[in-house]
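Protein sequence lines correspond, in order, to chains A and B. Numbering-wise, the working numbering puts 53 at position 53 of the first sequence, and it's gapless, one number per residue. Offset between the second sequence (1-based) and the working numbering: plus 81.
If you're looking for bench data, these hints aren't it; they were derived computationally from the structure. Beta carbons are placed, not taken as given, at the ideal position from N, Cα and C, and that holds for glycine. Possibly wrong hints are sitting among the right ones.
Said to hold, decoys possible - From the derived model, a few chain A residues whose C-beta atoms are all more than 12 Å from chain B:
| id | residue |
| --- | --- |
| 1 | Met1 |
| 2 | Ile8 |
| 3 | Gln9 |
| 4 | Ile19 |
| 5 | Val36 |
| 6 | Asn37 |
| 7 | Leu38 |
| 8 | Ala42 |
| 9 | Leu49 |
| 10 | Tyr50 |
| 11 | Ser71 |
To be verified - Calculated lysine to aspartate or glutamate pairs in the DMTMM-like style (CA-CA distance at most 25 Å, straight line):
| id | chain 1 | residue 1 | chain 2 | residue 2 |
| --- | --- | --- | --- | --- |
| 12 | A | Lys44 | B | Asp458 |
| 13 | A | Lys44 | B | Asp417 |
| 14 | B | Lys130 | A | Glu78 |
| 15 | B | Lys166 | A | Glu76 |
| 16 | A | Lys35 | B | Asp417 |
| 17 | A | Lys44 | B | Asp309 |
| 18 | A | Lys44 | B | Glu269 |
| 19 | B | Lys166 | B | Glu142 |
| 20 | B | Lys260 | A | Asp16 |
| 21 | A | Lys44 | B | Asp447 |
| 22 | B | Lys503 | A | Asp69 |
| 23 | A | Lys15 | B | Glu266 |
| 24 | A | Lys15 | B | Asp169 |
| 25 | A | Lys15 | B | Asp502 |
| 26 | A | Lys35 | B | Glu269 |
| 27 | B | Lys503 | A | Asp16 |
| 28 | B | Lys108 | A | Asp57 |
| 29 | B | Lys166 | A | Asp66 |
| 30 | B | Lys166 | A | Glu6 |
| 31 | B | Lys503 | A | Asp47 |
| 32 | B | Lys380 | B | Asp309 |
| 33 | A | Lys44 | B | Glu158 |
| 34 | B | Lys166 | A | Glu75 |
| 35 | B | Lys412 | A | Asp47 |
| 36 | B | Lys108 | A | Glu78 |
| 37 | A | Lys15 | A | Asp47 |
| 38 | B | Lys108 | A | Asp16 |
| 39 | A | Lys35 | B | Glu266 |
| 40 | B | Lys108 | A | Glu75 |
Here are the chains, one letter per residue:
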Amino acid sequence: MSPIYESIQVLASFKDRLINPLAFVWNNRKYVIRKVNLIHRARKGRDMLYFFSVSDDANYFKLRFDTGDMSWELEEAEAAA
Amino acid sequence: MRCIFHVDMNSFFASVEQQKNPLLRGKPVVVGGAPGTRSIVAAASREAKKFGIKTAMPTHEALRLCPSAIFVPPDFEAYVDVHRKMVDIFQRFTDAVEVFSIDEAFLEVSGSFAHADTVIPSERSESRDPSRKREEFVNTFSILVSSKGVPRLPRSTRSLGMTSGENEINALTIAHQIKSIFRAELGEILTCSIGIAANKTMAKLGSDLKKPDGLTVILPGKETEFLDRAQLQDICGIGPRVDKRLRGLGITSFSQMRAYPEAGLIAAFGPHLGHWLHEISFGRDDAPVVPLYDLPEQKSFSKQHTLAKNTRDPRVVAAVLMKLSEIVGRKMRAEDKSARQVFWWLRFGDFSGTGGHRRMPQPLSDSTDIFRAAWTDMYRKEWPRPIRLVSVGVADLVRAPLQLNLFSDKARQQRLTAAMDKVNDIYGEFTVRRGNIFDPDAILEASTNAMARRTAAVAVGKQVSRAVDK
Numbered sequence: 001m002s003p004i005y006e007s008i009q010v011l012a013s014f015k016d017r018l019i020n021p022l023a024f025v026w027n028n029r030k031y032v033i034r035k036v037n038l039i040h041r042a043r044k045g046r047d048m049l050y051f052f053s054v055s056d057d058a059n060y061f062k063l064r065f066d067t068g069d070m071s072w073e074l075e076e077a078e079a080a081a
Numbered sequence: 082m083r084c085i086f087h088v089d090m091n092s093f094f095a096s097v098e099q100q101k102n103p104l105l106r107g108k109p110v111v112v113g114g115a116p117g118t119r120s121i122v123a124a125a126s127r128e129a130k131k132f133g134i135k136t137a138m139p140t141h142e143a144l145r146l147c148p149s150a151i152f153v154p155p156d157f158e159a160y161v162d163v164h165r166k167m168v169d170i171f172q173r174f175t176d177a178v179e180v181f182s183i184d185e186a187f188l189e190v191s192g193s194f195a196h197a198d199t200v201i202p203s204e205r206s207e208s209r210d211p212s213r214k215r216e217e218f219v220n221t222f223s224i225l226v227s228s229k230g231v232p233r234l235p236r237s238t239r240s241l242g243m244t245s246g247e248n249e250i251n252a253l254t255i256a257h258q259i260k261s262i263f264r265a266e267l268g269e270i271l272t273c274s275i276g277i278a279a280n281k282t283m284a285k286l287g288s289d290l291k292k293p294d295g296l297t298v299i300l301p302g303k304e305t306e307f308l309d310r311a312q313l314q315d316i317c318g319i320g321p322r323v324d325k326r327l328r329g330l331g332i333t334s335f336s337q338m339r340a341y342p343e344a345g346l347i348a349a350f351g352p353h354l355g356h357w358l359h360e361i362s363f364g365r366d367d368a369p370v371v372p373l374y375d376l377p378e379q380k381s382f383s384k385q386h387t388l389a390k391n392t393r394d395p396r397v398v399a400a401v402l403m404k405l406s407e408i409v410g411r412k413m414r415a416e417d418k419s420a421r422q423v424f425w426w427l428r429f430g431d432f433s434g435t436g437g438h439r440r441m442p443q444p445l446s447d448s449t450d451i452f453r454a455a456w457t458d459m460y461r462k463e464w465p466r467p468i469r470l471v472s473v474g475v476a477d478l479v480r481a482p483l484q485l486n487l488f489s490d491k492a493r494q495q496r497l498t499a500a501m502d503k504v505n506d507i508y509g510e511f512t513v514r515r516g517n518i519f520d521p522d523a524i525l526e527a528s529t530n531a532m533a534r535r536t537a538a539v540a541v542g543k544q545v546s547r548a549v550d551k
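Based on the provided sequences and hints, a complete structural model is requested.
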């Protein structure tokens, strides 16, 4: 598992009071999210951070959404062997 | 008759990691620091446990047992959030939820449900029509309904010798519902083992009997059958020391404990523990489930830190102590408390230690005061060996006193602390911090001088200073 911490662009849906990331672009490549495995949240001061542990057909990614500045970041990633 | 659940998440931290990352599933996962660092196993997956890896084992030992183990750093934010969701789910069934640890809880469901129709949590029930609810109930849990409308137990539960009493059926139904909701809302990897019994101790024994994803019912009157198959230390509350003392009395089983006079147990262990051992040997335990809203007030706050490398350097120890004092002070102030007592502890490289405590003439809440009180004694004590761990805490808590005279130095320090707390509340912990956390030399110089000298090295921005002076 590699720490990344890079800003990314994310396509997400907002439904039933849930954020659902659908795809993201990292290093000029689009990744389609097949499964959201876990969502958890944590506070940073007064702001809430949402963490999405997701996977496509082969890889694992951990995305972070900062409600304070409405930004997305790729925190870590792992490719299947 | 009480009905108590003990719910124990299976390999909790490791399961959360495997839930997050499918690439870890089915593999020996160890949550902890990397081997070669001063770290221990916080949790091991089911696959890793097969190699003999256990919680609290040094990670280098875990690597030796399983060279193919995957070491994952802990993600405490995830574990805490999943724990919060777990408690929310429990509270849909009962208000009497006692959090035993981050991955265990007791639930008292006695009297929560009198009839099968009411077992579906109100938040999730989509139909109020009784006939539709029974249909949902049956379809969801595959429990047969007889022609009279009384649920029949599945074969597996009939083999436990249970009757078709409504309480047993409802308890099982609730347990299955909890498991089902966990799968749907937490994740398919996050399983739990549930023990159901008439008291907490037996419920906890029950949950330990089958892992993972177990469900064990200990019916009233059957407790001694389960106890007689258990080891003494299988019961929560009997650890190695009590076990050794019991063996010294010739007691190696619960049947022997039952035969031993209660007066003898009281003479050996004291009135409280001796009586408890006597009662538990019969499977009796009247300890209440203490709900979250009934918890006693916190009596102390403390924080400790194991250094990456043992050291005798007072600058390093002082810097660590200052940071720990900041954390303790923040926690205490968040509860609007002050402390009359400061205590501290140093552990040396050979795991011996030294410590002390100081009673304060006035209650304190400022982190710098906590640091000063601990450091004054700590620095003067002999350090015969390099230090491995630093710990500080406060006790004898009182409500925070009113603000002092507006123009006193103490009051200015109070306002500064309040301003720092406010900035950290908004932007996150340690957004602003005292300059002496960065500068061990400043700490050393300040602390070796008299107490009256102010530790003025506060690295806050001009905006904070202006806020204080207003």
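Each hint tested on the structure:
{"no.": "1", "hint": "Met1", "in the structure": "violated (7 Å)"}
{"no.": "2", "hint": "Ile8", "in the structure": "holds (18 Å)"}
{"no.": "3", "hint": "Gln9", "in the structure": "holds (22 Å)"}
{"no.": "4", "hint": "Ile19", "in the structure": "holds (15 Å)"}
{"no.": "5", "hint": "Val36", "in the structure": "violated (10 Å)"}
{"no.": "6", "hint": "Asn37", "in the structure": "violated (6 Å)"}
{"no.": "7", "hint": "Leu38", "in the structure": "violated (5 Å)"}
{"no.": "8", "hint": "Ala42", "in the structure": "violated (4 Å)"}
{"no.": "9", "hint": "Leu49", "in the structure": "violated (8 Å)"}
{"no.": "10", "hint": "Tyr50", "in the structure": "violated (10 Å)"}
{"no.": "11", "hint": "Ser71", "in the structure": "holds (15 Å)"}
{"no.": "12", "hint": "Lys44/A / Asp458/B", "in the structure": "violated (35 Å)"}
{"no.": "13", "hint": "Lys44/A / Asp417/B", "in the structure": "holds (21 Å)"}
{"no.": "14", "hint": "Lys130/B / Glu78/A", "in the structure": "holds (24 Å)"}
{"no.": "15", "hint": "Lys166/B / Glu76/A", "in the structure": "holds (24 Å)"}
{"no.": "16", "hint": "Lys35/A / Asp417/B", "in the structure": "violated (44 Å)"}
{"no.": "17", "hint": "Lys44/A / Asp309/B", "in the structure": "violated (51 Å)"}
{"no.": "18", "hint": "Lys44/A / Glu269/B", "in the structure": "violated (29 Å)"}
{"no.": "19", "hint": "Lys166/B / Glu142/B", "in the structure": "violated (34 Å)"}
{"no.": "20", "hint": "Lys260/B / Asp16/A", "in the structure": "holds (23 Å)"}
{"no.": "21", "hint": "Lys44/A / Asp447/B", "in the structure": "holds (23 Å)"}
{"no.": "22", "hint": "Lys503/B / Asp69/A", "in the structure": "holds (20 Å)"}
{"no.": "23", "hint": "Lys15/A / Glu266/B", "in the structure": "holds (16 Å)"}
{"no.": "24", "hint": "Lys15/A / Asp169/B", "in the structure": "holds (21 Å)"}
{"no.": "25", "hint": "Lys15/A / Asp502/B", "in the structure": "violated (36 Å)"}
{"no.": "26", "hint": "Lys35/A / Glu269/B", "in the structure": "holds (12 Å)"}
{"no.": "27", "hint": "Lys503/B / Asp16/A", "in the structure": "violated (33 Å)"}
{"no.": "28", "hint": "Lys108/B / Asp57/A", "in the structure": "holds (19 Å)"}
{"no.": "29", "hint": "Lys166/B / Asp66/A", "in the structure": "holds (20 Å)"}
{"no.": "30", "hint": "Lys166/B / Glu6/A", "in the structure": "violated (29 Å)"}
{"no.": "31", "hint": "Lys503/B / Asp47/A", "in the structure": "holds (14 Å)"}
{"no.": "32", "hint": "Lys380/B / Asp309/B", "in the structure": "violated (38 Å)"}
{"no.": "33", "hint": "Lys44/A / Glu158/B", "in the structure": "holds (11 Å)"}
{"no.": "34", "hint": "Lys166/B / Glu75/A", "in the structure": "holds (23 Å)"}
{"no.": "35", "hint": "Lys412/B / Asp47/A", "in the structure": "holds (19 Å)"}
{"no.": "36", "hint": "Lys108/B / Glu78/A", "in the structure": "holds (15 Å)"}
{"no.": "37", "hint": "Lys15/A / Asp47/A", "in the structure": "holds (21 Å)"}
{"no.": "38", "hint": "Lys108/B / Asp16/A", "in the structure": "violated (35 Å)"}
{"no.": "39", "hint": "Lys35/A / Glu266/B", "in the structure": "holds (14 Å)"}
{"no.": "40", "hint": "Lys108/B / Glu75/A", "in the structure": "holds (23 Å)"}
Comparing the model with each numbered hint stated earlier shows that hints 1, 5, 6, 7, 8, 9, 10, 12, 16, 17, 18, 19, 25, 27, 30, 32 and 38 do not hold.
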